[in-house]
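K.L.:
Sequence:
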Amino acid sequence: MNMNSNPAFERAYDEMMERAIKASSGERKRRLLLDRFNEKLLAQNVWWEVRGDLKGLIPEMEIKDLKDGTRFSDYGFLYPIPRPNGLLMEADAFGTHLRDVSRWKYADDLERQNHLLIDGWRLLRFSRDDMIEKPRRCQQTLLAALSAWGFIAPRDRPKLNVYERAILHYAREQTCNVKIGELVEQLQVSYRSIGRHTLELEQKGLLILERSAGGRIMKLAPVRDF
Numbered sequence: 001m002n003m004n005s006n007p008a009f010e011r012a013y014d015e016m017m018e019r020a021i022k023a024s025s026g027e028r029k030r031r032l033l034l035d036r037f038n039e040k041l042l043a044q045n046v047w048w049e050v051r052g053d054l055k056g057l058i059p060e061m062e063i064k065d066l067k068d069g070t071r072f073s074d075y076g077f078l079y080p081i082p083r084p085n086g087l088l089m090e091a092d093a094f095g096t097h098l099r100d101v102s103r104w105k106y107a108d109d110l111e112r113q114n115h116l117l118i119d120g121w122r123l124l125r126f127s128r129d130d131m132i133e134k135p136r137r138c139q140q141t142l143l144a145a146l147s148a149w150g151f152i153a154p155r156d157r158p159k160l161n162v163y164e165r166a167i168l169h170y171a172r173e174q175t176c177n178v179k180i181g182e183l184v185e186q187l188q189v190s191y192r193s194i195g196r197h198t199l200e201l202e203q204k205g206l207l208i209l210e211r212s213a214g215g216r217i218m219k220l221a222p223v224r225d226f
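According to the UniProt record's numbering, the sequence shown is numbered sequentially starting from 1.
Each hint should be verified, as a subset may be incorrect.
[Unchecked claim] Result set (DSS-like, lysine-lysine): computed pairs, CA atoms no more than 30 Å apart in a straight line:
hint, residue 1, residue 2
1, 64, 40
2, 40, 159
3, 40, 29
4, 64, 105
5, 179, 204
6, 204, 55
Simulated from the structure, these hints should not be mistaken for lab results.
Let's have the full structure, built from the sequences with the hints guiding it.
P.N.:
Shown next, in the form of structure tokens:
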């Protein structure tokens, strides 16, 4: 995990978990109180970097499957699409589905996934290794899914202004991540202006931003799928 402290994320995560625990009971509450290293990793390194907040994210989402059984997913996200076509996300450690499970549990996990897909749920699964070592790939997958599955409505995206178009064009022409200083030099505008426009592009799902421990934007990369 990126161990750099992000006070905004930590505060939002703690508040989300506190609300969920207070509102839950039984098996869901038990799961919420377990060690959630992988789940927090997904929220911090993937979801937070893409969305910038945890609004609408439901930890340990409770779901009814085809057999009317109760299942749980690490996270659910329903806005703006209601059940049963919401997004489910899961964080998997290497051993979760291979070394540390019985054949019965492995088969049941596959059947569970099949039932969720048949029911109309959208499902993304991320490995712990990728979330730690290749977070950008995970972020791009999430962004592509949110757009393709209608969780980012095109009508909600403001049009690009001339600076946003210039930033996006320059970033797409490069073969590596772009430093903020490069954009300042190329476009002859202030750091503050570049920061404002890059944040807008991030919100539109067109850029992925790398931040320092203090939250300052350091580098950026375009989302190639858009």
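K.L.:
State for each hint whether it applies.
P.N.:
Against the structure, the hints come out as follows:
1. 64 / 40: holds, 24 Å
2. 40 / 159: Distance ~33 Å between residue 40 and residue 159 Cα, so the pair is violated.
3. 40 / 29: holds, 16 Å
4. 64 / 105: Holds. Residue 64 to residue 105 sits at ~18 Å (cutoff 30 Å).
5. 179 / 204: holds, 20 Å
6. 204 / 55: Between residue 204 and residue 55 the Cα gap is close to 16 Å, so the pair holds against 30 Å.
Of the hints listed earlier, the one the structure fails to meet is number 2.
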